[in-house]
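**Q** Given the coordinates of chain A, work out where chain B should sit on it, guided by the hints.
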Amino acid sequence: MAKRTIVTDYLARVEGEGAMTVQLDGDRVEHVELRIFEPPRFFEAFLRGRSFREAPDITARICGICPVAYQTSAVNAIESLCGVEIPEPIRLLRRLLYCGEWIESHALHVYMLHAPDFLGYQSAIELARDAPEAVERGLALKRTGNDVMSLVGGREIHPINVRVGGFYRVPTRRELHALVEPLERARAAAIETVQWTAGFDFPERVVDCELVALSDPGEYAIERGRIHSSRGLDLAPSEYDEHFEELHVERSNALQSQLRGGGTYLCGPLARYSLGFERLSPLARDAATQAGLGAECRDPFRSIVVRSVELVYACDESLRLIEEYEEPDRPSEPVEPVAGTGYGVSEAPRGLLYHRYRLDADGTILDAKIVPPTSQNQLAIEDDLRDVVARNTRLDDDALRGLCEQTIRNYDPCISCATHFLDLQVNRK
Amino acid sequence: MSRTIVIGVGNRLRGDDGAGVAVAERLSERTSPDVEVVACSEEPSRLMDAWEGAESVVLVDTVSSGAPPGTIHRFDAGAEAVPARTFRSSTHAIGIAETIELARALGRLPHRVRVYGVEAGGFTTGADLTPAVEAAVTSLVEAVLQDLEEERCTSVR
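One line per chain: the protein sequences are A and B, in this order.
For the first sequence, the tail end lands on 429 under my numbering, and the numbers increase by one without skipping.
For the second sequence, the tail end lands on 157 under my numbering, and the numbers increase by one without skipping.
Only chain B is shown next, with the shape it has when bound in the complex:
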């Protein structure tokens, strides 16, 4: 059976940086049991371990690219490189864009990789999601559910 995993990346304690984790939390209540939903740090080998053996992975992270807050960016990383600039998290860490390319080079990237980036509005310590990002999270949950549903139909056929 093909395995699908949804991975939320981010920090719930830093305002909109928690968007990826918020999506994962809300999805975990609504996905079918064969879909695994986790929150994960972006430590590269942890991400690679999380999607090890999966046929399909959906990654959700916060981005800061200059677009209006709440903008949802979507990338098909199975087919093309994810722009490192959009997902650049820190000069201290290997971000998810680099991890995806590293995994691709190592032959450890699942067949299907969809990456969603939610444009952040603020990173205030202890704050809730900003309204624009809250709305984006709500619609992203539906979008991912629809993705998963389409995938299921495709694989049944």
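In isolation and in its complexed conformation, chain A is listed as follows:
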């Protein structure tokens, strides 16, 4: 059989600039690569020499979709180093802000970026012509997430209200109460979203790599937790570097993560769900069960259903947090710098987000390391692509390309977040 090469020069419906190449020799998959050519962004270098208090505002700029994730991992790292105990009302307010981000990000991906793949449309605009009520539902959900971020974070993109130690200003109970009605509507829309996505056609897929997600005994882990895996890892954030490493491959401006010594792992909604199902709210668990999901889901194509279940959870949890909200005595705790290294993690919408900062005694950042979920998932995406292609070599080039792109979008890659390597190589002749 002839050799063929399937190429997508510019991946649509993902955040950032990337491309894909698949080379086949007959039925044999010779080569698969996800190329990330979005330019490197040097955020870790920008942080050097800046005050530790600036970390949440600088790192928020890494992403317009998940700035709260960056802010949260940054403050977690610095507060743990500086020995600050964050009072529970402030932690819960951060969790509410983070739920807003999950709602906004998941609604965007499910409706605008991913659903068109399953329904045979090139874009959400085409989908909107045939299914306006579905797209309206998605827009309303996203908007509600944005509204939570605006109210708690001060604005919807790159919130300005997060600081090391807490917030600049905390909302009153009355202010938060304004979100109850929209969130109740959003929660109902999220349940409809689960039912809608569960009705899509799914190719049967199972990935068997290690799943990695944060875990917290009392809650579905979002803004804090220990690093757990399906093969028994149970790590403090400070142990991350001992178990995971980042490699630079030439084709990608993003570093690729792997388990130290080799090994692909997956983070994100499938990992969170499979490791934390029992800690979802009863409503979210019911929605999942009715959609035919078990307590574990290793099918990347069904990640759209899992994201929808997380939408239900994030709305449900936001309502609980608002109901139980007590205004903190003060918006933030004083934080004095401590020389040393701080480690912080949280669950960005796309998965585990790790930050590490080394500070000197006056709080100047000496170096920083940021590992976003898309870097961690790159190997899993390529493995999955290789397998999907091997099982579908009978498809013609266009159909195979479409299936490969869908496979990549199953992971909701945020390419802009992932491009951060510092080792810039210039070849001149």
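Read the hints as simulated data drawn from the structure, not as lab findings.
A quick note: this is a predicted structure, and the numbers were derived from the prediction, not measured.
Backbone N, C-alpha and C fix where the C-beta goes; we use that ideal spot for every residue, glycine too.
Treat the hints with care, as some may be off.
[Said to hold, decoys possible] Beyond 12 Å from chain B on every Cβ pair, some chain A residues (computed):
no., residue
1, T21
2, G26
3, F43
4, R143
5, E175
6, D216
[What the hints assert, rightly or not] Pair ranges (Cβ atoms, derived):
no., chain 1, residue 1, chain 2, residue 2, range
7, A, L247, B, Q146, 39 to 45 Å
8, B, T124, A, H243, 39 to 45 Å
9, B, S65, A, T341, 52 to 58 Å
10, B, D34, A, A399, 53 to 59 Å
11, A, A178, B, Q146, 37 to 43 Å
12, A, P203, B, S28, 38 to 44 Å
**A** Frame of chain A, contents of chain B only:
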């Protein structure tokens, strides 16, 4: 009564990205009370809410299409699609061109949609508008006022 709204999109803190908002600010002092003038983020449902119920909308945004700085691009989006390439703001966000097409598909696009794009010269943080864009903003304010005036005459007739 038909409602008209002028929407400026952009960020005042990023040099010429503030052109749309600058046009809105200057227009708000000079338009008649029946014309609403707002600055808005390009979050799609916020834009759609802003023009909900309006008969006519004027959108002003900054573009980066390769034309000389200060060039004013004009599109009649009520009649034709706006080139997404010209208004492509970010791979992270749904830009105004996509929002217009989404609204059209959802039946949420006002009858008249005029879109002005001001070609940017620079996006330096904290900078004022560059001279070419400053001049473009000044002439665009007059152009939009004239549009609104013509519209009023048409609707009176």
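**Q** Quick check: does the Cβ-Cβ distance between B:T124 and A:H243 fall within 39 to 45 Å?
**A** holds, 42 Å
**Q** Taking the minimum C-beta separation from A:G26 to chain B, is that value above 12 Å?
**A** holds, 36 Å
**Q** Hint says 38 to 44 Å; check whether the CB-CB distance for A:P203 and B:S28 agrees.
**A** For A:P203 and B:S28 the Cβ distance comes to about 54 Å; the hint is violated.
**Q** For A:T21, which was marked as not at the interface, is the minimum beta-carbon distance to chain B over 12 Å?
**A** For A:T21, whose nearest Cβ neighbour in chain B is about 20 Å away, the distance exceeds 12 Å, so it holds.
**Q** Beyond 12 Å from every Cβ of chain B: is that where the Cβ of A:E175 lies?
**A** With a cut-off of 12 Å, A:E175 remains clear of chain B, as the shortest Cβ separation is near 19 Å.
**Q** Between A:L247 and B:Q146, is the Cβ distance one that fits in 39 to 45 Å?
**A** violated, 60 Å
**Q** Return holds or violated for the Cβ distance of A:A178 and B:Q146 against the range 37 to 43 Å.
**A** Hint holds: Cβ distance 41 Å, inside 37 to 43 Å.
**Q** Could you check that no beta carbon of chain B comes within 12 Å of the beta carbon of A:R143?
**A** violated, 4 Å
**Q** Taking 53 to 59 Å as the hint, is the beta-carbon distance of B:D34 and A:A399 inside that range?
**A** holds, 54 Å
**Q** Is the claim that A:D216 lies outside the interface with chain B correct, judged by CB distances over 12 Å?
**A** holds, 29 Å
**Q** Within 52 to 58 Å: is that where the Cβ-Cβ distance between B:S65 and A:T341 falls?
**A** violated, 46 Å
**Q** Any Cβ of chain B at or closer than 12 Å to A:F43, or is the non-interface label fine?
**A** holds, 15 Å
Taken one by one, the earlier hints fail for this structure at numbers 4, 7, 9, 12, listed in ascending order.
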